[in-house]
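Chain by chain, the residues:
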Amino acid sequence: MADGLTRNQMAWRLGRDIAEGSYVNLGVGIPLLVLDHAPGGREIIFHSENGVLGMKPKDETDGILPDDLTNAGKQPVSLVPGAAMFHHADSFIMIRGGHVDIAVLGAYQVAENGDLANWRLPGSPTAPAVGGAMDLAAGARNVWAICEHTGRDGAPKIVRECTLPLTGPGSVNRIYTDLAIIDVTPDGLVVREKIETLSLEDLQALSGAPLTLANGWRPLEAPDLTPH
Amino acid sequence: MIDKQCKSAAEAVEGIGDGAVILVGGFGQTGEPMDLLDAIAARGLKDLTIVANGGGSGEHGIGRLLAGGCVRKLVCSFPRVPGSVAFEELYEQRAIELEIVPQGTIAERVRAGGAGIPAFYVPTGAGTELADGKEHREFEGRTFVMEHAIKGDVAVIKADRADRWGNLTYRLSARNFNPVMAMGAGLTIAQVEKCVPLGEMDPETIVTPSIFVDRVVEIPGGVSNG
Numbered sequence: 000m001a002d003g004l005t006r007n008q009m010a011w012r013l014g015r016d017i018a019e020g021s022y023v024n025l026g027v028g029i030p031l032l033v034l035d036h037a038p039g040g041r042e043i044i045f046h047s048e049n050g051v052l053g054m055k056p057k058d059e060t061d062g063i064l065p066d067d068l069t070n071a072g073k074q075p076v077s078l079v080p081g082a083a084m085f086h087h088a089d090s091f092i093m094i095r096g097g098h099v100d101i102a103v104l105g106a107y108q109v110a111e112n113g114d115l116a117n118w119r120l121p122g123s124p125t126a127p128a129v130g131g132a133m134d135l136a137a138g139a140r141n142v143w144a145i146c147e148h149t150g151r152d153g154a155p156k157i158v159r160e161c162t163l164p165l166t167g168p169g170s171v172n173r174i175y176t177d178l179a180i181i182d183v184t185p186d187g188l189v190v191r192e193k194i195e196t197l198s199l200e201d202l203q204a205l206s207g208a209p210l211t212l213a214n215g216w217r218p219l220e221a222p223d224l225t226p227h
Numbered sequence: 000m001i002d003k004q005c006k007s008a009a010e011a012v013e014g015i016g017d018g019a020v021i022l023v024g025g026f027g028q029t030g031e032p033m034d035l036l037d038a039i040a041a042r043g044l045k046d047l048t049i050v051a052n053g054g055g056s057g058e059h060g061i062g063r064l065l066a067g068g069c070v071r072k073l074v075c076s077f078p079r080v081p082g083s084v085a086f087e088e089l090y091e092q093r094a095i096e097l098e099i100v101p102q103g104t105i106a107e108r109v110r111a112g113g114a115g116i117p118a119f120y121v122p123t124g125a126g127t128e129l130a131d132g133k134e135h136r137e138f139e140g141r142t143f144v145m146e147h148a149i150k151g152d153v154a155v156i157k158a159d160r161a162d163r164w165g166n167l168t169y170r171l172s173a174r175n176f177n178p179v180m181a182m183g184a185g186l187t188i189a190q191v192e193k194c195v196p197l198g199e200m201d202p203e204t205i206v207t208p209s210i211f212v213d214r215v216v217e218i219p220g221g222v223s224n225g
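Chains P and V are the protein sequences, given in the same order.
Mapping the first sequence onto numbering that gives the first Met the number 0, position 189 (from 1) lands on 188, and the numbers just tick up by one.
Mapping the second sequence onto numbering that gives the first Met the number 0, position 79 (from 1) lands on 78, and the numbers just tick up by one.
Hints may contain errors.
The calculated label-pair distances, taken between Cβ atoms and stated as ranges, are [what the hints assert, rightly or not]:
(1) P:Pro209 <-> V:Lys45: 26 to 34 Å
(2) P:Ser123 <-> V:Ala94: 14 to 22 Å
(3) V:Pro117 <-> P:Thr196: 58 to 66 Å
(4) P:Pro121 <-> V:Ala94: 18 to 26 Å
(5) V:Asp152 <-> P:Pro209: 25 to 33 Å
(6) V:Glu128 <-> P:Gly153: 24 to 32 Å
(7) P:Thr196 <-> V:Ala94: 23 to 31 Å
Quick caveat, the hints were computed from the structure, so don't treat them as lab data.
Yeah, the Cβ is synthetic: ideal placement off N, Cα and C, and Gly gets one too.
Start from the sequences, fold in the hints, and give me the full structure.
What follows is the structure, given as structure tokens:
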């Protein structure tokens, strides 16, 4: 089986698809890695649900106390020139009101109709926690899910119907995995990119819903991002 | 002369009773009014309802209220974070009532409470189990869920600067829920890094106007969960 992308490479690849001028919210987990691998030479404004527009990776020389400025994962970040701060109600006006262009969210499951499940695992002894996921799923103009193609148990994360509790119905427009980039369309799931050496049949075998290969599909590639 | 300044956290939290609904600012420990929450815990109050984003993450603040057995119900979006030991123990023992609310819906329910709006419709949660049992209504071909306002008896918040009237500014993302909670309660208590003379704050930069604030206590530094 062909090797897939690492999480950092997945985040890097997603970042290449963010257009100049976009307002982009990053969920906790793999999505926050997009901040570290955002494309240079483009003005992209990253939104954090806790009241930040214009965050960038933490610069230890910025003089900001770690507790004064965090991302959604409560990790310290820094600000770009032009950044703005606001309170939580305004932050979710941006999210719920359709002002955020792209929300990047992690996923337990994505269904072929765009249903997203990413907040609760039934039977887990730990308490459920939803955070801003449902607001983002309902309100962002585009929702891009980013996750490994299959779970740790090998079960497909791309499914005909979600069996886990939904975060939002019909929310997801596009799925970025370690093996493929897949658009959610009215005609079903369309593979735009895949690992070149992985056949569609092999990718299909790892997926729980039918895939079709786009005309003009391209190889899914990312540079080696291992620190040297 | 109006002077909302208190001499200590203990004085600032006087008069809060058992069973109070307390709105708490903060996101993680950023902007969490830990000294005021510790002072409430020290009073040994019972049956409190806490409305906050999370369930605390250490021995101070919401974590101390929970560990001290002060809380009957937690209304929040994300109770489980590294360090939320007190919450997790109560949850495992089924010794706390938990209402999970999407983060933006908490903010808007509290905002509505402060704004005199009893209920409203949101798309958030439609088609999920968090909308079960709630009124649904179609607008422009889309399904929305009715949510009710939350009104606090007390709001406990943290800010950076205050004057004796209770005008407030914040520091970066330590603003988060604090200005929203400040508007949503009958009694709003703010712990601040520094009190400055009236007139020193630029009116253009005041985030929470004094009308929403009842008590202020200056606590430089303040406790932290590290």
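Subject >> Ala94 (chain V) and Ser123 (chain P) - C-beta distance against the hinted 14 to 22 Å >> reply: This hint holds: roughly 19 Å between Cβ atoms.
**OP:** Just tell me: holds or violated, for the beta carbon distance of Pro121 (chain P) and Ala94 (chain V) against 18 to 26 Å?
**Re:** holds (22 Å)
Subject >> Range hint 58 to 66 Å (beta carbons of Pro117 (chain V) and Thr196 (chain P)) holds or violated >> reply: The hinted range 58 to 66 Å holds for Pro117 (chain V) and Thr196 (chain P), with Cβ atoms some 60 Å apart.
**OP:** Can you let me know if the beta-carbon spacing of Asp152 (chain V) and Pro209 (chain P) is within 25 to 33 Å?
**Re:** About 55 Å separates the Cβ atoms of Asp152 (chain V) and Pro209 (chain P), which means 25 to 33 Å is violated.
Original post:
Cβ-Cβ distance between Glu128 (chain V) and Gly153 (chain P): within 24 to 32 Å?
Top reply: Holds, at about 27 Å.
Original post:
Between Pro209 (chain P) and Lys45 (chain V), does the beta-carbon spacing fit 26 to 34 Å?
Top reply: violated (57 Å)
**OP:** Starting from the range 23 to 31 Å, see whether the pair Thr196 (chain P) and Ala94 (chain V) falls in it by beta-carbon distance.
**Re:** violated (54 Å)
Of the numbered hints given earlier, the model fails hints 1, 5 and 7; all others are met.
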